[in-house]
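Line by line, the protein sequences give chains A and B.
Residues 423 to 1035 in the working numbering are what the first sequence lists, from first letter to last.
Residues 423 to 1035 in the working numbering are what the second sequence lists, from first letter to last.
Heads up, some of the hints might be wrong.
Because identical chains share one entry, a pair is satisfied inside a single copy or across any pair of copies.
[Said to hold, decoys possible] Below, a list of computed lysine-lysine pairs in the DSSO-like style, where the Cα atoms sit at most 27 Å apart: (1) 1011 / 681; (2) 726 / 769; (3) 957 / 1018; (4) 957 / 1029; (5) 908 / 618; (6) 726 / 908; (7) 917 / 1031; (8) 1018 / 1029; (9) 957 / 1031.
Don't read these hints as lab results, they were simulated from the structure.
What you are looking at is a predicted structure, and each value in this text was computed from that prediction instead of being measured.
This is what each chain is made of:
Protein chains: 2
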Amino acid sequence: MNDIDIESLKGIANQLRIHSISATTAAGSGHPTSCCSAADLVAALFFGHMRYDPKNPHYWNNDRFILSKGHAAPLLYAAWAEAGLIPTEELLKLRQLGSDLEGHPTPRLAFVDVATGSLGQGLSVGVGMALCARLDHLDYRTYVLLGDGECAEGAVWEAASLAGIHQLNNLVAVVDVNRLGQSQPTAFGHDLNVYKRRFEAFGWRTEEIDGHDIEEILEVLAAVGLGNQPLVILAKTLKGAGVSFIQDREGWHGRPLSKEEAARAIAELQPSAKSGLGHAISQPAQMPAPKNDAPASYPPLSYKIGESVATREAYGNALARMGEVDPRIVAMDGDTKNSTYAEKFFKKFPNRFTESFIAEQSMVGVATGFGARGKVPFVSTFACFLSRAFDQIRVAGISMANLKLTGSHVGVSIGEDGPSQMGLEDLAMTRATAGSTVLYPSDAVCAEKLVERMAEHRGICFLRTSRPRMPVIYNNDEQFTIGGAKVLRQSPGDKVTVVAAGVTLFEALKAADELKGQGIGVTVIDAYSIKPLAKDVIQSAASRTNNQVITVEDHYAEGGLGDAVAGELSALGMAVHKLAVRELPHSGKAEELLAKYGIDAAAIVAKVKSLNS
Amino acid sequence: MNDIDIESLKGIANQLRIHSISATTAAGSGHPTSCCSAADLVAALFFGHMRYDPKNPHYWNNDRFILSKGHAAPLLYAAWAEAGLIPTEELLKLRQLGSDLEGHPTPRLAFVDVATGSLGQGLSVGVGMALCARLDHLDYRTYVLLGDGECAEGAVWEAASLAGIHQLNNLVAVVDVNRLGQSQPTAFGHDLNVYKRRFEAFGWRTEEIDGHDIEEILEVLAAVGLGNQPLVILAKTLKGAGVSFIQDREGWHGRPLSKEEAARAIAELQPSAKSGLGHAISQPAQMPAPKNDAPASYPPLSYKIGESVATREAYGNALARMGEVDPRIVAMDGDTKNSTYAEKFFKKFPNRFTESFIAEQSMVGVATGFGARGKVPFVSTFACFLSRAFDQIRVAGISMANLKLTGSHVGVSIGEDGPSQMGLEDLAMTRATAGSTVLYPSDAVCAEKLVERMAEHRGICFLRTSRPRMPVIYNNDEQFTIGGAKVLRQSPGDKVTVVAAGVTLFEALKAADELKGQGIGVTVIDAYSIKPLAKDVIQSAASRTNNQVITVEDHYAEGGLGDAVAGELSALGMAVHKLAVRELPHSGKAEELLAKYGIDAAAIVAKVKSLNS
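Taking the hints into account, I'd like the entire structure generated from these sequences.
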């Protein structure tokens, strides 16, 4: 690159600074100084290095760019505006309700693959994209821009470790080491060597540069892809760089300039600013599209009624079965694949499986990355350990990600391992995720069919599987839909509707049989779709049982099935009585624990009788 | 230490192995091979190095031991049995409902400070304890035994970084590098050098040893406390060590030996086994007890009715005020202290404040550690970022920890920063935590009083604070209790009871005023205690408004205030109508967003009218 180009990039960087300052001042909020520190890096990446079609940000072989330090959103928006995708006037609508140029990036914008703004998450998504490039034989590279402050997040090191293990030389992290956090300087200031030693220990090639020296930036970028390690560029920068009176000063995080200050800043920057419009951008190689077509149908099931199968095993069976015809399916697990049965998929399709080791945050991030590249990623671990990745799941909701989560070993029915291994809050967590679908099968047929529905449905789906083997109760051709429910027992004169799912469904059926012998009729519903809930089915049944409903769940009383049913039906004045785990459980045998915590057949019988006394 | 002692420790290690194998075989489940790899390390620590009173595990200057690899619980139980605290016969009750020797350790046992079993959490708790030792001028040391597999967890590196920053030379991590995970070998096998480079990069002194060589273990332990860095001992071990037919073999994770196999194993171990009973254990120095007394009362408040104060700011005011008289209070924040207002405490009591940087998992773990040492730790960050630490919070529930969490910037009322910064699932998350208390103040007086109640109440408490400034509505001497609620508007003939909290309380009051003008009476309740909920207050009010209740919350519709109220009242046949955020929100102005997502005064008015039409 010649001197003229270097000067152009310097000019574009200042233009990006001007946009960032103008937009945040117009909005009256935002993070202009965090934009300024990274402006030279972004200018060099977008206008001097990355290969992408700026008119078609979704093109499959475009280099990917993830702004992990999402609060620098105005800089990202400015870069795409200067690349010609959006009019620069739009930038002044930053943070307005009527504009998708939100405070932090979301995929409401075509050029944003995943939402960022909760720090430390971008790198794992980048790992997923880089792994996906390999799987799809595409040569795009993935660039992740991080702040130095977010390198305190463990999630960064989970991702860094996995990238090192996989020798992802198509992944580049750029750390904008501007030394200043939100409330004080970072722990390591401008000591790049700390970051260097850390990334090297995690298997990365490192380059230390002056993040405001365009030539130096381009020089290290020119060596991207060399060797067999991921590359991290450690860029020493100044927060607010380019503006004399805010540069490298504390107290300027998340603070827009006043109109007067902005004018002063722009006066400093304007003389050397240059538009990026018309600047040549490297084009990506044209390569065959990845095979991401959904199959017409999945192979049939072959369970026998009464056969004893755990839903967690059915999950593994489903993945292995569906993987044969659905090339989009990839899977991940956090060193529990022999318990979640993801192993069945791994053994059949090892190149479509990523072992995440015991690092659930990175696992969910990697899956989100695969999903953003057109795959259907299935993630599994014990349900309780998905709580480790709740922030990643939450942000995947904001990303409107196509992400399939399976949590096994739910509830007290896991038995002896004790409370630390029991998923008792997973329904609360996954229900409270934006746009989520929450499914909870009781038998193997239902589990497998729901895995099919998950693959078909675009969005975040959570499947709750159980440890114990349970009898198959549905025929292989039974249909299950998102938002559905099955009425398994119903007779005229039933006194109560019992709504259950998973292991408690079998307790409900036992209770119904026992009560029938005593002349008390009970309607039993399998609420396998927790969100959306089959409100109409439950309401219709309840209306025939004197508006009396009992819910039974192997989950805490808060935020689970009971709350879901009560939250829907109580507006109708129906009475919902919750049976759920109401105290910290203990180790013990599964059946002992179901009894002790009041969610077994005996507890249901007692509750039904109390309502009829 | 002489040769006789070395031989004794070797014998004790084998005795611990025998107990671990016997107990898991008796239980029919558990992780004997994970015990065997660490048996020599534990024998050396408990019987040749650590200073503690085995009859009084709570003594304040005992060295602390955290079994981060909690699945080796039988080994821990065996060590305490051989140290004389519990009868060795008890060990065979492992995992039974009637015994507190659970599958993974919990503080139901006096010698367990915090629950473990969700991997990667022990080190951050250890950091908290080590920091607390300094604060309390005690010379106890904190030892954390980790597995190699769990070093994939980012939480380990968050904690490692903080320990390095604080130069915690009173903290010792021991990594049992047995090379085998649950479902496959770890990524790095026996390559100790990988771990060595990582810990060194994070500021630790490292020692690499043969984890089965008692002399070598004792030798490196003898140098504990030297220098100004935390120490990690990287111990190369064999899973199942000591038993020829399981040692270093795959497929033996989480698998007890059959009775026959156990007999063979014990026959191998017995000849060299030796009881620890009667073995000398180093005593801790007698030092003055830390000052952890609760104050008789807290200084009074001095707000003015109508004054505009954000509840987040009131939180900071409360901490600073209470800290004067309550030496137990310590605080942490994740580089948001200028937004959460924890800064007010930090400025006044810098030595009682730990800046956790952007590492929420470690922050909660550190706080749990302080809590386990008698402090009252207050943790703050944006509510949405507490989701990053949900697994730590979940496990703190199992630890029955004394932990105070404050999540600021909740709901769409934060405005322009957008959804990634909005806490919209925090009520669902914290309600579904075992033993939790969930509080949500609307004004500054309520917020401050609730911080007092949190300090007084032993257990996990969550305070939900808001970004906007709101008028003070309560007098300084108003009383607030956990489980309470305030009826703010009530008249004979009221049509509906509106239950709100936080910013929506002000919307409810506005709506009530507007409706009053139209001749429609509305009861308004401030439900500042979400869990436990003031069911009686709400029920009593609702019974006077035709059993019609509207809930309004700046939270997703799932698992929050609406579900809490519906879950309690629906069993009584009362109708609960939820107003909540039902879609992924957008950036915008706070008042625009309250309107757009249907939780403002206008939405309440419309809902009330729809119920009365």
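Each hint, compared with the structure:
| no. | hint | in the structure |
| --- | --- | --- |
| 1 | 1011 / 681 | between (68 Å within a copy, 20 Å between copies) |
| 2 | 726 / 769 | within (25 Å within a copy, 68 Å between copies) |
| 3 | 957 / 1018 | between (30 Å within a copy, 25 Å between copies) |
| 4 | 957 / 1029 | both (22 Å within a copy, 20 Å between copies) |
| 5 | 908 / 618 | neither (57 Å within a copy, 56 Å between copies) |
| 6 | 726 / 908 | within (19 Å within a copy, 57 Å between copies) |
| 7 | 917 / 1031 | within (10 Å within a copy, 34 Å between copies) |
| 8 | 1018 / 1029 | within (15 Å within a copy, 42 Å between copies) |
| 9 | 957 / 1031 | both (25 Å within a copy, 24 Å between copies) |
Going through the hint list in order, the structure does not satisfy hint 5, though it satisfies all others.
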